[in-house]
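Enquirer: Given next are the chains, with one letter for each unit.
There are 2 protein chains.
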Amino acid sequence: MGWVYVNEISNYDGKEVTLKGWLYNKRSSGKIWFLIFRDGTGFIQCVVSRSDTDEKTFQLYDELGQESSIIVHGIVHQDRRAPGGYEVIVKKIDVVQAVHDYPIALKEHGIDFLMDHRHLWLRSPKQVAILRIRHTVIKACRDFFDSHGFILADTPIFTPTACEGTTTLFETDYFGRKAYLTQSGQLYSEATAAALGKVYCFGPTFRAEKSKTRRHLTEFWMVEPEVAYYDLDDNMKLAEEFVSYVVQTVLKERKKELEVLERDISLLEKVEPPFPRITYSEAVEILKENGIDFEWGNDFGGADETVISNQFEKPVMIHRFPAKVKAFYMKRDPENEELALGVDVLAPEGYGEIIGGGQREENYEILRKRIKEFGLSEEVFKWYLDLRKFGSVPHSGFGMGVERAVAWICGLKHIRETIPFPRTIYRLEP
Amino acid sequence: MGWVYVNEISNYDGKEVTLKGWLYNKRSSGKIWFLIFRDGTGFIQCVVSRSDTDEKTFQLYDELGQESSIIVHGIVHQDRRAPGGYEVIVKKIDVVQAVHDYPIALKEHGIDFLMDHRHLWLRSPKQVAILRIRHTVIKACRDFFDSHGFILADTPIFTPTACEGTTTLFETDYFGRKAYLTQSGQLYSEATAAALGKVYCFGPTFRAEKSKTRRHLTEFWMVEPEVAYYDLDDNMKLAEEFVSYVVQTVLKERKKELEVLERDISLLEKVEPPFPRITYSEAVEILKENGIDFEWGNDFGGADETVISNQFEKPVMIHRFPAKVKAFYMKRDPENEELALGVDVLAPEGYGEIIGGGQREENYEILRKRIKEFGLSEEVFKWYLDLRKFGSVPHSGFGMGVERAVAWICGLKHIRETIPFPRTIYRLEP
Chain P
998 MGWVYVNEIS NYDGKEVTLK GWLYNKRSSG KIWFLIFRDG TGFIQCVVSR
1048 SDTDEKTFQL YDELGQESSI IVHGIVHQDR RAPGGYEVIV KKIDVVQAVH
1098 DYPIALKEHG IDFLMDHRHL WLRSPKQVAI LRIRHTVIKA CRDFFDSHGF
1148 ILADTPIFTP TACEGTTTLF ETDYFGRKAY LTQSGQLYSE ATAAALGKVY
1198 CFGPTFRAEK SKTRRHLTEF WMVEPEVAYY DLDDNMKLAE EFVSYVVQTV
1248 LKERKKELEV LERDISLLEK VEPPFPRITY SEAVEILKEN GIDFEWGNDF
1298 GGADETVISN QFEKPVMIHR FPAKVKAFYM KRDPENEELA LGVDVLAPEG
1348 YGEIIGGGQR EENYEILRKR IKEFGLSEEV FKWYLDLRKF GSVPHSGFGM
1398 GVERAVAWIC GLKHIRETIP FPRTIYRLEP
Chain H
998 MGWVYVNEIS NYDGKEVTLK GWLYNKRSSG KIWFLIFRDG TGFIQCVVSR
1048 SDTDEKTFQL YDELGQESSI IVHGIVHQDR RAPGGYEVIV KKIDVVQAVH
1098 DYPIALKEHG IDFLMDHRHL WLRSPKQVAI LRIRHTVIKA CRDFFDSHGF
1148 ILADTPIFTP TACEGTTTLF ETDYFGRKAY LTQSGQLYSE ATAAALGKVY
1198 CFGPTFRAEK SKTRRHLTEF WMVEPEVAYY DLDDNMKLAE EFVSYVVQTV
1248 LKERKKELEV LERDISLLEK VEPPFPRITY SEAVEILKEN GIDFEWGNDF
1298 GGADETVISN QFEKPVMIHR FPAKVKAFYM KRDPENEELA LGVDVLAPEG
1348 YGEIIGGGQR EENYEILRKR IKEFGLSEEV FKWYLDLRKF GSVPHSGFGM
1398 GVERAVAWIC GLKHIRETIP FPRTIYRLEP
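Going down the list, the protein sequences come from chains P and H. Just add 997 to wherever you are in the first sequence, counting from 1, and you've got this note's numbering. Just add 997 to wherever you are in the second sequence, counting from 1, and you've got this note's numbering.
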């Protein structure tokens, strides 16, 4: 047999195989030594004994430290006692590189040290588990929309204007003029939704927030669907079906990884439609009942979100916010002009907002008025106003932050481990 | 029946349905008028006759101009003569917005006018077809890697350093220091490949090139696989299987859209492994045979690529380039130190380079020497050198530019139509 990966080892019981990867750990018991081998797809125990291997390989024990790169030739052997159910009886090991001083030992390290060594830390079992779950979250997002008739329409990163205020924008020189890095693809998705009906964009977004919380990154990925002829109710239905699909897919496909993370999945298992729906005003009542001094009309902070979401076992959808705390493009509630038809979805277990969205204002004159009221330039939004001039329709959409969703599903306290190379106010390296 | 989309209309023959979308075109023949309706999923002919509809609806003919948003209620009727095989006998039309002065009439417009109205131009049948093919290209890329055991590991957009030179980098202030927008995720993918074995990244990349060719965008999407223990040959095999899968998937799933684009698919049908493989030196010979004055040691320009690729019906893989024209991280050919183990894949029909990649230098001391030779900072690449210090293995990868692949598959002369909102040296709007 040729080169096989650890995650396909069960197909090769009794066969000779070649594994290419790294030594994760080792231990000796005299006449036999064991190595835990990893190749990125999994871990497997390999047994090195004098009776099965050549003398040179047997003598490698002292030479091979953690993360030594090795090629292992041996026989696959089913063994119930082995972690994973299989082990490899080693015939020969080719040493690609012997390593002795791998900086991340199999013990606890401080977070600054680990973040400085993120390029190596990624190899640790917990980080590998998170990255695999992240992969599955992203694939589930795309599969959900692809299988529901949505077309992926990428929106631009370079924008000439701010979508939601200018204070948190990264700016770059663009051949002598200024360009800003996008904070959301929404405005552009409203254009593609009019072309394609149901669309989503999925890309990195940027916020130059001087925020040091465990919920913020300066660079994070967002998936944003937008649908022509959807109202707020359609939008909430889409959001709860979408979130449920993502969570259930991870539960189905990443059981092992959730175990590595020691994630209690009992609440995740309950994430199925329908989600509870409460109004902003009802959410304010919840805060007051919990002794929080909160004034109607303000936006919720992270601590408020935690109190509200803790009342529910499932994600909760809060709708109809005071228009003043929401963006200029939000449609007002026909039954109360003070309210915007927005919706936030808060994850349970204190994870806070994972989705923000709503119905967009489709009336040309009203939107023009709002642009003025918000002190924005009509000239800059001329193309956006065109969408209300030529075949305007009711439409809605939302955005989900991938890293927040991954943090929640993985049960991580801090968002920084949800992306391979996190970018925060203090960190641009490695 | 409730709301249905045009692309599912064949399930509703004889039934009453509601369609929500826009008027694309109309014509009258006295007692009957026809409207071509679009909803983003397709086009369908709707028949408005005095006998089937109310008088108010019948009188709408003059009121509804191109791109009026309408809700059509009617009976689905199979009719071989109708484009698409079905038409709708209209009972009633609800007018959401009547439009009279849509700027993009059903005639030819100049490219500057169309680009200025890109937010509306996207609704045209040709642009819709391109966006749907783009969607399928991207989905096929992801499906290929996902089904071959790769893990998506997103690489950062903000980087502290340049990957391939600094002259074409976009720069931004990052909380008082400088950050650059990524040109490639490769260096980071080399770290994630050591953690996960087989990885890919897929995101936007940026080049501040003052290039005005029809092959360049300042912002474009790139998919980049990286595999531990792959050499150049493994890499070339992966590239030809990948490109073939993407092309064959589009041929299978986007037949209609390719017809809209009047794409001659005879050459696309031949895109199957193996692709021809030639060395750089053989490619130089081809240029000379074609009367081009080309000096061995230079890099190929766009015109050179066209001449070379025109010799082949399939994509051609050129490997073993002069090391001087390739990046510092490329491994040298053990049989000739002057050559780098790089590979470019050129698309046929004059579309030029769609893939660049190669085997990476895995030796710590050699890589350190190269970093010095290329005048780069060892300090800045310390983390990258770590990958050679701790469990280094042979590894390879490549990057495919999505927009160039879409341009080739769609048969487009200019890359600007392959992305919803193209960004070029002259264009940051809309």
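Read the hints as simulated data drawn from the structure, not as lab findings. Certain hints may be false.
All copies of an identical chain are treated as equivalent in the list; a pair is satisfied when it fits inside any one copy or across any two copies.
Derived pair list, reagent style EDC-like, types lysine to aspartate or glutamate, alpha-carbon separation capped at 20 Å [stated by the list, open to error]: (1) Lys1366 / Asp1330; (2) Lys1386 / Asp1113; (3) Lys1249 / Asp1140; (4) Lys1252 / Glu1279; (5) Lys1209 / Asp1170; (6) Lys1253 / Glu1375.
Enquirer: Please go over all the hints and tell whether each is borne out by the structure.
Expert: Hints and how they fare:
For the homomeric pair Lys1366 and Asp1330, the shortest alpha-carbon distance inside one copy (16 Å) is at most 20 Å, but the shortest distance between copies (66 Å) is not. Taking the closest pair of Cα atoms, Lys1386 and Asp1113 come within 20 Å of each other only across two copies (16 Å); inside a single copy the shortest separation is 52 Å, beyond that limit. In this assembly of identical chains, Lys1249 and Asp1140 lie within 20 Å of each other by CA distance both inside one copy and across copies; the values are 15 Å within and 19 Å between. Proximity of Lys1252 and Glu1279 under a CA criterion of 20 Å is satisfied in neither setting, with 36 Å inside one chain copy and 51 Å between copies.
In this assembly of identical chains, Lys1209 and Asp1170 lie within 20 Å of each other by CA distance solely across copies; the values are 18 Å between and 27 Å within a copy. In the homo-oligomer, the alpha carbons of Lys1253 and Glu1375 never lie at most 20 Å apart, since the shortest distance is 53 Å inside one protomer and 39 Å across protomers.
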